[in-house]
Amino acid sequence: MSKVRVLLVDDEQAFLELMTERLKSWDYQPLTASTGKDAIFLLQQEYVDIIILDYVMPDMDGFSLIRKIREINNKIPIIMFTAFPDVNSIKEAEREHVRAFIPKTSEFGDMNLSLKAYLDEISRQIAEGK
Numbered sequence: 001m002s003k004v005r006v007l008l009v010d011d012e013q014a015f016l017e018l019m020t021e022r023l024k025s026w027d028y029q030p031l032t033a034s035t036g037k038d039a040i041f042l043l044q045q046e047y048v049d050i051i052i053l054d055y056v057m058p059d060m061d062g063f064s065l066i067r068k069i070r071e072i073n074n075k076i077p078i079i080m081f082t083a084f085p086d087v088n089s090i091k092e093a094e095r096e097h098v099r100a101f102i103p104k105t106s107e108f109g110d111m112n113l114s115l116k117a118y119l120d121e122i123s124r125q126i127a128e129g130k
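Here my numbering is used: the first residue of the sequence shown is 1, the next is one more, and so on.
Mixed in with the good hints there might be a few duds.
[What the hints assert, rightly or not] Cross-link-like lysine-lysine pairs, in silico, DSS-like; alpha carbons within 27 Å at most:
no., residue 1, residue 2
1, Lys37, Lys3
2, Lys75, Lys24
3, Lys91, Lys37
[Stated by the list, open to error] Ranges of calculated distance between the beta carbons of each label pair, as one might list FRET restraints:
no., residue 1, residue 2, range
4, Ile90, Arg70, 14 to 20 Å
5, Gln13, Gln125, 28 to 34 Å
6, Leu113, Arg67, 26 to 32 Å
7, Ile90, Pro58, 20 to 26 Å
8, Glu94, Asp27, 27 to 33 Å
9, Gly129, Thr35, 31 to 37 Å
10, Val87, Leu18, 24 to 30 Å
11, Lys91, Glu46, 27 to 33 Å
12, Phe41, Ala14, 18 to 24 Å
Hints listed in this document are in silico derivations from the structure and should not be mistaken for laboratory results. All C-beta atoms in this analysis are idealised placements derived from N, C-alpha and C, irrespective of residue type, glycine included.
Use the sequences and the hints to build the structure in full.
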């Protein structure tokens with residue numbers, strides 16, 4: 001079985017590098033983009049199973065990016081990270097069918113456990129064809 005391909009979108013290079021290594025250690029195949037525009041381009045060129053994106057980026061916010069992603073593929077599972085969780089953004093994430101909304105302010109170990117659990121569940125559903 002081939003590795004699940006995860007597109008990771010974040011404007012913080014250090015976070016991208018850290019999460020890329022984490023995803024590889026969990027046996028996922030990461031692809032990265034540092035802007036929403038780059039993510040859209042990559043999504044049009046490459047097959048991706050799951051997208052993990054940041055809420056706040058310089059060229060577009062995470063929800064604008066999600067709407068553009070949905071124009072290309074309205075079924076792809078999306079996990080969102082944010083350093084600034086609030087009630088409105090959580091409600092918006094639910095409206096946009098974001099599978100998980102993970103605060104970056106979480107303890108790094110807790111954040112990793114949450115992310116790993118969501119990725120594993122989504123991967124299982126992909127394998128089962130759901």
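A quick look at each hint next to the structure:
Restraint check: the Cα-Cα separation between Lys37 and Lys3 comes to about 25 Å, which is no more than 27 Å; the hinted pair holds. As the CA atoms of Lys75 and Lys24 are separated by approximately 24 Å, the hinted pair is consistent with the 27 Å bound. A C-alpha spacing of about 24 Å is found between Lys91 and Lys37, which places the hinted pair at or below 27 Å, so the restraint holds. Taking 14 to 20 Å as the suggested C-beta distance range, the pair Ile90 and Arg70 conforms, at roughly 19 Å.
Between Gln13 and Gln125 the C-beta distance comes to about 31 Å, which sits within the given range of 28 to 34 Å. Remark: the range hint 26 to 32 Å for Leu113 to Arg67 is upheld by a beta-carbon distance near 29 Å. Remark: the range hint 20 to 26 Å for Ile90 to Pro58 is upheld by a beta-carbon distance near 22 Å. Under the hint 27 to 33 Å, the C-beta atoms of Glu94 and Asp27, about 29 Å apart, fit the expected range.
In this structure, Gly129 and Thr35 meet the distance hint of 31 to 37 Å, their C-beta atoms being roughly 32 Å apart. For Val87 and Leu18, the hinted distance range of 24 to 30 Å is satisfied, since their beta carbons lie about 28 Å from each other. For the hinted restraint 27 to 33 Å between Lys91 and Glu46, the CB-CB distance of approximately 31 Å keeps it satisfied. Between Phe41 and Ala14 the CB atoms are about 23 Å apart, so this pair conforms to the stated range of 18 to 24 Å.
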